[in-house]
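**Q** Here is how the chains run, residue by residue.
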Amino acid sequence: MSTDAVLPQLLEEWEPVIGLEIHVQLGSVSKAFSSSATTFGEPPNSLTDPLVLGMPGTLPVYNQRAAELAVALGVATSSKIRARSRFARKHYFYPDLPKGYQITQSDEPLCEEGTLDVLMGTQRMAIRLQRIHLEEDAGKSSHHGTVSHVDLNRAGVPLVEVVTAPELHSAEEAAEFMRSLHRLVRWLGISDGDMEKGQMRCDANVSVRRRGEDRLGTRTELKNINSFRFVQNAIDNEIVRQIRLLETGERVLRETRLWDATANASFPMRSKEEANDYRYFPDPDLPPLLIDGPMMARVMQTLPTLPGPRFERYREWGITGDDARTLIGERALSDYFEAAIAALPSVGCNAVAHAKAVGNWLLTTLLGALNRDGKSIAESPFPATALAAIVGLIEGGTISGKIAKDVFDEAYQTGAEPAAIVAAKGLVQISNPAELLPIISRLLVENPKQIEAYRNGNEKMLGYFVGKVMKATDGKANPQVLNDLLRKALVPA
Amino acid sequence: MAEIGLQEVTELAMLARLRLSTDETETMRRELQQILTAMDALAAVPTEGVAAMTHAVPMDLRLRPDAVMPSLTPAEALAAAPATAGDHFVVPAAIGPHE
Amino acid sequence: MSGIDAATLHSPAAVLARRVRGGEITAIDLVEGYLARIAAYDADLGAYLHVAADAARRSAEELDQRRKAGFSLGPLAGVPLALKDLVVTKGLVTTAGSKMLDGWVPPYDATVVEKLRAADAIVLGKTNCDEFGMGSSNENSAYHVTRNPWDRTRVPGGSSGGSAAAVAADLCAASLGTDTGGSIRQPAAMCGAVGLKPTYGRVSRWGLIAYASSLDAIGPMTKTVEDAALMLETIAGADPRDATTIDAPVPRYRDALSLGVTGLTIGLPREYFPPGGLDPEIRAALDAVVAMLRDAGADVVNMSLPHTALALPAYYVLAPAEASSNLARYDGVRYGRRASLQGQNKASLADMLEQTRAEGFGPEVKRRIMLGTFALRSGYYDAYYKKAQQVRTLIKQDFDQAFANGIDVVLTPTTPTTAFEIGATNSPMQMYLADVFTLACNLAGLPGLSVPCGLNSVGLPIGVQLMGCTLDEATLLRVGAVIERRSGLGDRKPAMTPESDTQPEFAAAVPPTGGLA
Ligand SMILES: [Mg+2]
Ligand SMILES: [Zn+2]
Numbered sequence: 001m002s003t004d005a006v007l008p009q010l011l012e013e014w015e016p017v018i019g020l021e022i023h024v025q026l027g028s029v030s031k032a033f034s035s036s037a038t039t040f041g042e043p044p045n046s047l048t049d050p051l052v053l054g055m056p057g058t059l060p061v062y063n064q065r066a067a068e069l070a071v072a073l074g075v076a077t078s079s080k081i082r083a084r085s086r087f088a089r090k091h092y093f094y095p096d097l098p099k100g101y102q103i104t105q106s107d108e109p110l111c112e113e114g115t116l117d118v119l120m121g122t123q124r125m126a127i128r129l130q131r132i133h134l135e136e137d138a139g140k141s142s143h144h145g146t147v148s149h150v151d152l153n154r155a156g157v158p159l160v161e162v163v164t165a166p167e168l169h170s171a172e173e174a175a176e177f178m179r180s181l182h183r184l185v186r187w188l189g190i191s192d193g194d195m196e197k198g199q200m201r202c203d204a205n206v207s208v209r210r211r212g213e214d215r216l217g218t219r220t221e222l223k224n225i226n227s228f229r230f231v232q233n234a235i236d237n238e239i240v241r242q243i244r245l246l247e248t249g250e251r252v253l254r255e256t257r258l259w260d261a262t263a264n265a266s267f268p269m270r271s272k273e274e275a276n277d278y279r280y281f282p283d284p285d286l287p288p289l290l291i292d293g294p295m296m297a298r299v300m301q302t303l304p305t306l307p308g309p310r311f312e313r314y315r316e317w318g319i320t321g322d323d324a325r326t327l328i329g330e331r332a333l334s335d336y337f338e339a340a341i342a343a344l345p346s347v348g349c350n351a352v353a354h355a356k357a358v359g360n361w362l363l364t365t366l367l368g369a370l371n372r373d374g375k376s377i378a379e380s381p382f383p384a385t386a387l388a389a390i391v392g393l394i395e396g397g398t399i400s401g402k403i404a405k406d407v408f409d410e411a412y413q414t415g416a417e418p419a420a421i422v423a424a425k426g427l428v429q430i431s432n433p434a435e436l437l438p439i440i441s442r443l444l445v446e447n448p449k450q451i452e453a454y455r456n457g458n459e460k461m462l463g464y465f466v467g468k469v470m471k472a473t474d475g476k477a478n479p480q481v482l483n484d485l486l487r488k489a490l491v492p493a
Numbered sequence: 001m002a003e004i005g006l007q008e009v010t011e012l013a014m015l016a017r018l019r020l021s022t023d024e025t026e027t028m029r030r031e032l033q034q035i036l037t038a039m040d041a042l043a044a045v046p047t048e049g050v051a052a053m054t055h056a057v058p059m060d061l062r063l064r065p066d067a068v069m070p071s072l073t074p075a076e077a078l079a080a081a082p083a084t085a086g087d088h089f090v091v092p093a094a095i096g097p098h099e
Numbered sequence: 001m002s003g004i005d006a007a008t009l010h011s012p013a014a015v016l017a018r019r020v021r022g023g024e025i026t027a028i029d030l031v032e033g034y035l036a037r038i039a040a041y042d043a044d045l046g047a048y049l050h051v052a053a054d055a056a057r058r059s060a061e062e063l064d065q066r067r068k069a070g071f072s073l074g075p076l077a078g079v080p081l082a083l084k085d086l087v088v089t090k091g092l093v094t095t096a097g098s099k100m101l102d103g104w105v106p107p108y109d110a111t112v113v114e115k116l117r118a119a120d121a122i123v124l125g126k127t128n129c130d131e132f133g134m135g136s137s138n139e140n141s142a143y144h145v146t147r148n149p150w151d152r153t154r155v156p157g158g159s160s161g162g163s164a165a166a167v168a169a170d171l172c173a174a175s176l177g178t179d180t181g182g183s184i185r186q187p188a189a190m191c192g193a194v195g196l197k198p199t200y201g202r203v204s205r206w207g208l209i210a211y212a213s214s215l216d217a218i219g220p221m222t223k224t225v226e227d228a229a230l231m232l233e234t235i236a237g238a239d240p241r242d243a244t245t246i247d248a249p250v251p252r253y254r255d256a257l258s259l260g261v262t263g264l265t266i267g268l269p270r271e272y273f274p275p276g277g278l279d280p281e282i283r284a285a286l287d288a289v290v291a292m293l294r295d296a297g298a299d300v301v302n303m304s305l306p307h308t309a310l311a312l313p314a315y316y317v318l319a320p321a322e323a324s325s326n327l328a329r330y331d332g333v334r335y336g337r338r339a340s341l342q343g344q345n346k347a348s349l350a351d352m353l354e355q356t357r358a359e360g361f362g363p364e365v366k367r368r369i370m371l372g373t374f375a376l377r378s379g380y381y382d383a384y385y386k387k388a389q390q391v392r393t394l395i396k397q398d399f400d401q402a403f404a405n406g407i408d409v410v411l412t413p414t415t416p417t418t419a420f421e422i423g424a425t426n427s428p429m430q431m432y433l434a435d436v437f438t439l440a441c442n443l444a445g446l447p448g449l450s451v452p453c454g455l456n457s458v459g460l461p462i463g464v465q466l467m468g469c470t471l472d473e474a475t476l477l478r479v480g481a482v483i484e485r486r487s488g489l490g491d492r493k494p495a496m497t498p499e500s501d502t503q504p505e506f507a508a509a510v511p512p513t514g515g516l517a
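If you read the protein sequences in the order shown, they are chains A, B and C.
Counting along the first sequence from 1, when you hit position 141 you're at 141 in my numbering, and nothing is skipped either side.
Counting along the second sequence from 1, when you hit position 17 you're at 17 in my numbering, and nothing is skipped either side.
Counting along the third sequence from 1, when you hit position 305 you're at 305 in my numbering, and nothing is skipped either side.
For the record, the hints were derived by calculation from the structure and aren't laboratory data.
As the structure is a prediction and not an experimental result, all values here were calculated from the model.
Do not take every clue at face value.
[To be verified] For lysine-lysine, the following DSS-like pairs were computed, each having C-alpha atoms within a straight-line distance of at most 30 Å:
1) A:Lys80 / A:Lys140
2) A:Lys449 / A:Lys375
3) A:Lys405 / A:Lys449
4) A:Lys140 / C:Lys90
5) A:Lys356 / A:Lys402
6) A:Lys402 / A:Lys468
7) A:Lys140 / C:Lys386
8) A:Lys449 / A:Lys488
9) C:Lys386 / A:Lys90
10) A:Lys425 / A:Lys449
11) C:Lys386 / A:Lys80
12) A:Lys356 / A:Lys476
13) C:Lys396 / A:Lys90
14) A:Lys476 / A:Lys449
15) A:Lys405 / A:Lys471
16) A:Lys356 / A:Lys375
17) C:Lys68 / A:Lys90
18) A:Lys405 / A:Lys356
19) A:Lys140 / C:Lys346
20) A:Lys449 / A:Lys471
21) A:Lys468 / A:Lys488
Produce the complete structure using the sequences and hints provided.
**A** Shown next, in the form of structure tokens:
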């Protein structure tokens, strides 16, 4: 039976407790401690230098850009940022770990006690972070029968490790945490967060306990969850595995397990050195990393408004939760929306009152067109000021919604200003009764049967007359005004 | 006084990836014991509130600008390697994943 | 010998550079002169691991041409240097005295090598050393034993013993050593050379094969104090590639040499003159130096560095801990030696790793890796590593206090004994005691200078150690110059055999007076 089918029932009695350790690549162009490039997909061992190769005599010097990106993440998660944090060495032997140790941070990490603003569906939730620390990536080994091949292109790529408190309570929450972190790091320009390229990787610490119990159960560490699709699956699978063990009177072993996406199962990671001892100690090659005023100022200067507060504001503007979530899904989209809203006053509209209309036009009409053309919002040929202009023309009564679609299409294709299109094509809608009444009078004379039908209760006949007037005016009649006039005219004398 | 046993020497050798013969293990145990006994002098020193020193000269980390410089070519990177295949380093099969 | 006489080859580097710049001698003649001496004596002495004859000749010829073309030459113009094999040289085999790196040709130069080349010095070759700098006698070299030029049955000291021997025997004009616990000063003392360990961070470690990163320093080993000053001027300075270098201007150290000692306060820490713990002849030589310095105008005072006895245990926790980490990279994957696993048809990665490290490292290196692994283990870290780091603070505070109390220079013996016999040391602990007077200086990150101050009754050199406050190498050199002038070895040099008969200028075995007088 699949996990999905049994889990809801099991969860009535059991509560999962999940903590995540997420590695995010910092988007610097050069490596953490040397000047080789961080490019993806290059030929094997083409991005190395004596330091990356762990050669004798080489020394690490940390990347300023990487430090600033990490600090930006710290600020964006309201973390306590340590003025002097320390690099430490974590020792273990692996053929793609060139120095026999990884440079990381242990006792004195860059960030502690932050929170990540997580969007659980359309609900904001603050998930506590234990720490965010700096480290370097290892290389890549690929296995071919009796030998393994080592490629060190990734070795030394700068990472942050984000460690949550154990306070996620379902795989969905864990997945939502991942999505929120992914959104944030992209938002801040820290990383593309591309899991396929290993720019974001997730390990999960999972335990279960009976509901109502305070004590945490024995946890396992689930590694190798390297795709968004796997996060939920892997964790649900582990939750069910643990509950089954406990329900049959067995014990959960404190172990590290490896998620195998193809098998849709996890397996214990068997290692010769059952209890490794990483022998952390402060790296004597690296004095403390100082985050001083000037660096903070540089970071703060480039820090944008974060997605969480924007979501909140959009909701206050009457935008639905789903739409607000979509709007903050990407910084470029949200920035476009903000720019359109900011332009509303200049087209005579109240920003707050018409935000919803702007949102609808953006999410349906513009994204529809961009989608059709395979373009991103950043590549939009239709600027945010034009979107504001269209909404202004509609809300100000200058054009109808139907005409607006045509105006949009033309503006999108040609890049012309919507107002200019309206003027050039004489698309201003007819709202003046004096212009519409003669047309209505003629219709009444020409269509006695239809009037009869309407007066006998066939409401649909109203539409018939609306259509006739629209045809006569090239669709420019103001629908609201026209409706009112027709109703009055059709009342029996 | 710190006592060091054969089992512990074996564990240390394992951690350090040093293969020691039985004889070497015993010699190593004896020598480590002698050295560790000399270290006992440290234990007697009151160090409450004394800062742990990594560098005698206080300094803060100098950072480097995020600039790419030419890498070694794969041939240069592999030039000193004991075993290679194509542009890869080669080792006996590494079973098991990363830490 | 290409027209260069032995007296010229005995000249200080500063003199040679001046003569090359002035066109009195050519660089190629100098190089040929030293190469001939190496050919004559080094099979017996074993100071070198690799002699870069062709590269040195090419550099010399290129330099001579530049001079002829009218270009001005650098401060070390044409000076042939020997570099300890712990210093990385591009295109020139670098082994750290270890089988682990047998045949390794680095793709880059150490910063100090770049700087020396930029100053127009010439690299003659790489000198023997204790494996990865771990030792006090050069007996821990994986290649061969270096003999002390003053007595071929004795060690040259270590770990920069090859550099010290090469300088003492005129197999180079000057050399570089590295010093983690005394490895420049101790062999300099034992070979009658000047050895300067600069302040930690004064000289870039980029390209220094790491033993203990928080203690390691590169420094000059020279025939004169002036040469040490000249070399330091050349190699010192902040380096963007070494985050632990100090960003302070580099003074012209040579300017301090003529200032004399009047007005300086020199401290004699009682802990460095232990009754019964110091060779009486060394004691006597130091007494003579002290009397001379008083006579020369210095104020010499007794003082105390109370935590001195803890330097040795603290060092032998901290240095091995860092070493166990620094030497984790030698795994037979990317460079250097890999154990042959022939006959083991199912050799695993673990077999490869463990056998490579078992075969590649010598016993002393293994001992220190084991010791360091012990000190860093969880559960032991606080009691050993952290404790030693705290004791390190106390040792540094002793010195800070002394300098705050007006001491300018601390004067001690460099070594407790003169050069000992090859093979005479029979336990690790006994060997560790050879560095007992030099360790604290590294722990405190301070500059330390060893200057020859006489020969003992059997003709072995004695060294005096001067320690100063952070970045104050100038004052050490200033005092060192006075000691050199008034208590130094003067014209006395080791007698070189077997060619001593045909090289009369080296046969003058001088009775041990001078410095002791
Ligand atoms: Mg982790
Ligand atoms: Zn990590």
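**Q** Each of the hints needs a verdict: does it hold here or not?
**A** Status of the hints after comparison with the structure:
1. A:Lys80 / A:Lys140: violated (33 Å)
2. A:Lys449 / A:Lys375: violated (52 Å)
3. A:Lys405 / A:Lys449: violated (34 Å)
4. A:Lys140 / C:Lys90: holds (28 Å)
5. A:Lys356 / A:Lys402: holds (18 Å)
6. A:Lys402 / A:Lys468: holds (16 Å)
7. A:Lys140 / C:Lys386: violated (34 Å)
8. A:Lys449 / A:Lys488: holds (18 Å)
9. C:Lys386 / A:Lys90: This hinted pair holds, its Cα atoms lying about 16 Å apart.
10. A:Lys425 / A:Lys449: violated (36 Å)
11. C:Lys386 / A:Lys80: The hint holds at about 26 Å.
12. A:Lys356 / A:Lys476: Holds - the C-alpha atoms of A:Lys476 and A:Lys356 are around 24 Å apart, at most 30 Å.
13. C:Lys396 / A:Lys90: holds (28 Å)
14. A:Lys476 / A:Lys449: holds (26 Å)
15. A:Lys405 / A:Lys471: holds (17 Å)
16. A:Lys356 / A:Lys375: holds (23 Å)
17. C:Lys68 / A:Lys90: Since the Cα atoms of C:Lys68 and A:Lys90 sit roughly 55 Å apart, the hinted pair is violated (cutoff 30 Å).
18. A:Lys405 / A:Lys356: Holds, at about 17 Å.
19. A:Lys140 / C:Lys346: holds (23 Å)
20. A:Lys449 / A:Lys471: holds (20 Å)
21. A:Lys468 / A:Lys488: Judged against 30 Å, a Cα distance of about 16 Å means the pair holds.
When the structure is compared with the earlier hints, violations turn up for hints 1, 2, 3, 7, 10 and 17 and for no others.
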